[in-house]
Every structure is written in C-alpha cells, then in structure tokens.
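Asks: Listed here are the chains, written in short residue letters.
2 protein chains.
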Amino acid sequence: MTMTDLTLPITGMTCGGCVRSVTAVLQALPGVDSVSVTLTPGQAQVRYDEAQVLPAQLAAVVEDAGFEVVV
Amino acid sequence: MTMTDLTLPITGMTCGGCVRSVTAVLQALPGVDSVSVTLTPGQAQVRYDEAQVLPAQLAAVVEDAGFEVVV
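Line by line, the protein sequences give chains D and H.
Residues 1 to 71 (this note's numbering) make up the first sequence, in order.
Residues 72 to 142 (this note's numbering) make up the second sequence, in order.
Next comes chain D alone, as it looks inside the complex (with noise of 0.2 Å):
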C-alpha cells in the first residue's frame, strides 16, 4: 500500500460548514486515509492509497458537492 499526499486548490468554501462538506465526501471514499481542509486557503490536503482511487476521483467528488477544483 503507497499513501501519497495531495494538495487540491479549492474555490468556493466560505465556511466552516462548506469545509465539513468537503472534508465528509472526500473521507467517504475508499482509499482515502486521512483529509484536512482549510478555509485559508482554500485546499484539501488529502493522504490517499493510490492503488485504491486516483487524483481525478477525489476531484470529482468535490466537484459534485458544488465546489471547485483549481487545475
């Protein structure tokens, strides 16, 4: 098992209850180990097994709770 971290850049949180959000659908997924969400700035700091989900799907799950990913 290979945990790689991940920073993803976030638009749209604007407080405490939109960091609960991002920080509950990123920990619902398989092979997500541990999620730490700021406000300031706006990012996800994200340690994930990589042979389990991929960079693309912890996008998409904070794209579909109405937030967004900077690339």
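Covered stretches of chain D, going by a simulated chain H footprint (3 or more residues, C-beta under 8 Å): (1) 4-14; (2) 57-68.
Chain H side only, calculated, beta carbon under 7 Å to chain D, not exhaustive: (3) G83; (4) M84; (5) C86; (6) G88; (7) C89; (8) R91; (9) S92; (10) A95; (11) A136.
In case anyone wonders, no lab produced these hints; they're calculated from the structure.
Built from N, CA and C at the ideal position, the CB exists for glycine as well.
Could you slot chain H onto chain D? The hints should help.
Replies: For chain H alone, kept in the frame of chain D given last:
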C-alpha cells in the same frame, strides 16, 4: 410519472457555499426535478419522481455531504 414535493429540514448550513453544496448533491440524483435550498429556515424543498428516488435517498446524499437532516 408522479411528482412529489418534500421539504427536508437541514441543520449545519451556515453560508451560501453550503446552500450550493446541498443543491448540487440533490440535483445530481436521478428523478429529482427541482431543488430550492434556503439558509433561513435551513431546508431543501425538493420535487421528485417517487418512482425513481426515495425520501431516504434524498436525506442520505445531504448527510453524506456533511449536513444533518432533521427527522
């Protein structure tokens, strides 16, 4: 196709970003026709096809996004 209107009381939304998030996850469900989410009161008014989606599924996606549906 029988459309049903449901109001889901929701806690944990504290800004417009939260409103966008709840709106996004509900609109993504098959069978959901329209969604109107407000902060005050905290709720989602959903019009959906009861042959395609259940109230429990509407509540589940809101919970999965990090908010609480008041039962």
